[in-house]
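Same order as they appear, the protein sequences are chains A and B. Numbering that gives the first Met the number 0 numbers the first residue of the first sequence as 0 and each following residue consecutively. Numbering that gives the first Met the number 0 numbers the first residue of the second sequence as 0 and each following residue consecutively.
Treat the hints as calculated values from the structure; they're not laboratory data. These figures come from a predicted structure and were not determined experimentally. Careful: at least some of the hints might be erroneous.
Derived DSS-like pairs: lysine-lysine, alpha-carbon spacing no greater than 27 Å straight-line [said to hold, decoys possible]:
1. A:Lys-52 / A:Lys-103
2. A:Lys-103 / B:Lys-253
3. A:Lys-137 / A:Lys-179
4. B:Lys-253 / B:Lys-188
5. A:Lys-52 / B:Lys-261
6. B:Lys-188 / B:Lys-261
7. A:Lys-137 / B:Lys-188
8. A:Lys-179 / A:Lys-103
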Amino acid sequence: MSENIGAQLERMPWQAQVLRLTAFPIPSPTTRQAGWWEEIVGQTPAAITSRPKQGSYHEEGPFSNGRLICEIASARIDWLFIPGDLEAEDDGLATIGAFSDTLKTFRQLADQWFGLETCPSAQRLAFGVVLLQSVESKQTGYRQLSMYLPRIELDPENSSDFMYQINRPRESRSGIPNFKINRLMKWSVATLKRFPIQSLRGVGLGRTSFACRLELDVNTAQEFEGQIPREQMSTVFQELTDLAWEIAERGDIP
Amino acid sequence: MNTSETTMPVVQSTTRRSYPCTESETAIRCMQSLLTLFMTSQTDLRSHEKEPDESTVPLSLGSIFEGIQKGPGESLQLFDLAQKVVEEHFTQPDRLRGFTEFTADTRQVRLLRPAHELDEQRGLPASSTRRLNVGEEMISQIETLFGTARELYFEDGMENDFARELIRLIRQHGNRAIGALTHLIVTEKVNAGVASEALRWLGCMDDPNTYRDRLWLLERSLYCSSARVRDGAALGIAFMDDPRATEHLREAIKRERVAELKRDLEQVLEQLESR
Numbered sequence: 000m001s002e003n004i005g006a007q008l009e010r011m012p013w014q015a016q017v018l019r020l021t022a023f024p025i026p027s028p029t030t031r032q033a034g035w036w037e038e039i040v041g042q043t044p045a046a047i048t049s050r051p052k053q054g055s056y057h058e059e060g061p062f063s064n065g066r067l068i069c070e071i072a073s074a075r076i077d078w079l080f081i082p083g084d085l086e087a088e089d090d091g092l093a094t095i096g097a098f099s100d101t102l103k104t105f106r107q108l109a110d111q112w113f114g115l116e117t118c119p120s121a122q123r124l125a126f127g128v129v130l131l132q133s134v135e136s137k138q139t140g141y142r143q144l145s146m147y148l149p150r151i152e153l154d155p156e157n158s159s160d161f162m163y164q165i166n167r168p169r170e171s172r173s174g175i176p177n178f179k180i181n182r183l184m185k186w187s188v189a190t191l192k193r194f195p196i197q198s199l200r201g202v203g204l205g206r207t208s209f210a211c212r213l214e215l216d217v218n219t220a221q222e223f224e225g226q227i228p229r230e231q232m233s234t235v236f237q238e239l240t241d242l243a244w245e246i247a248e249r250g251d252i253p
Numbered sequence: 000m001n002t003s004e005t006t007m008p009v010v011q012s013t014t015r016r017s018y019p020c021t022e023s024e025t026a027i028r029c030m031q032s033l034l035t036l037f038m039t040s041q042t043d044l045r046s047h048e049k050e051p052d053e054s055t056v057p058l059s060l061g062s063i064f065e066g067i068q069k070g071p072g073e074s075l076q077l078f079d080l081a082q083k084v085v086e087e088h089f090t091q092p093d094r095l096r097g098f099t100e101f102t103a104d105t106r107q108v109r110l111l112r113p114a115h116e117l118d119e120q121r122g123l124p125a126s127s128t129r130r131l132n133v134g135e136e137m138i139s140q141i142e143t144l145f146g147t148a149r150e151l152y153f154e155d156g157m158e159n160d161f162a163r164e165l166i167r168l169i170r171q172h173g174n175r176a177i178g179a180l181t182h183l184i185v186t187e188k189v190n191a192g193v194a195s196e197a198l199r200w201l202g203c204m205d206d207p208n209t210y211r212d213r214l215w216l217l218e219r220s221l222y223c224s225s226a227r228v229r230d231g232a233a234l235g236i237a238f239m240d241d242p243r244a245t246e247h248l249r250e251a252i253k254r255e256r257v258a259e260l261k262r263d264l265e266q267v268l269e270q271l272e273s274r
């Protein structure tokens, strides 16, 4: 993380809901590679599900202030950091905490994994995150989004159902030849509603709350046919998270 | 610009626990309908079971609530008792299927998927790495295609209606179609001859977006119990000519008991290693 960004950590208003690291290994992953969860967390996972015939493996358990999932399935390996406590906060947002804090934790986790001898090299890496920022109303949310989306003219009072998605690829700074990074972002305002489910007749909607929602999928481009050198996996992932941070902080910039 | 607002209801149960999720208001209505259906359709559920399972416990409202949790990808997911019922989603009555999605390769079941999110899944950008939910509809479509091809005679290397339709579906639905194929072929739910034919076409078709998943399916299929399927997988891998498959080929050669197929696999390995 650059010093410049590091110094601004405290000012970041986003709360993280889901953090995801995805690797597309070479060769394809096998369930024999299981057991990473315990190696990283230092405890036995709460649940393990293995389906060898389908080539899928799932480990899950409490981690930091949420839950950590390691999933091997099809041609990919996913690490997911999600809320563990099902109780939503007062504002209705279920998150794993401030983006700044959770990102630090997640990067450490990723580095630990990349450092394992059994960690495979990958053709492709991705960092996915869902961020929320509590706002008072939909209109406030649209005004807030406008600050992140300077090219979009929003009319907060007279519009609804806004969702903006764009990919702004960039060349990687890693030095790996022909290596592009997709910066896929999706902006919207989420409406959160509480309702009692005791009665199956009728919807008793309670308080409604709102949040700006930013979903990021920063990933190395599929077109890259080579292999990310193992010693560079951590650097590349750091670049992905730095780019995500930049978008969360500065919005939709080329 | 796409215009769709994300709505995230927080579901509150009788035990006053909250289950947050990012689903639309439609999902709230779906959920109520679904829970009602769960409550009223237990007989239906049991009558649709192909193989009655003694461990299937009739659901109570409480067990459903306990079974619903928030999972990755901001979905509501079912665990434990509720999972037992919906895991075999083919046993669900049709009216339930509309509200559920099954992720074939995880232990989790996506419960509520409002229409706009389904559309989004279909139209997921090529640059996205989000895990796709295959969906009952897709599996059913591929299953039907395989069903109609059972009586066909496949001539080596000749394109046929089955291959044309398979390729069309893959180009149209991308990795969702490959996910459905994976579910049906790897778990050996379809005719081995048709699966074998499908695998060779998976190897020789040109579609960069699904390349990795097609290669993975071919590699996995080397471990299927049917020699015909393994043969199709070997041919598909030979067509792909990708040295990244060598490790799986070596493993498959070690396990292979059919002498002729073992020789074929060795030939494919030799081909990949000479690249």
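Right, here's what the structure says about each hint:
no. : hint                  : result
1   : A:Lys-52 / A:Lys-103  : violated, 36 Å
2   : A:Lys-103 / B:Lys-253 : violated, 44 Å
3   : A:Lys-137 / A:Lys-179 : violated, 35 Å
4   : B:Lys-253 / B:Lys-188 : holds, 25 Å
5   : A:Lys-52 / B:Lys-261  : holds, 21 Å
6   : B:Lys-188 / B:Lys-261 : holds, 24 Å
7   : A:Lys-137 / B:Lys-188 : violated, 48 Å
8   : A:Lys-179 / A:Lys-103 : holds, 24 Å
Hints 1, 2, 3, 7 from the list above are not met by this structure, while the remaining hints are.
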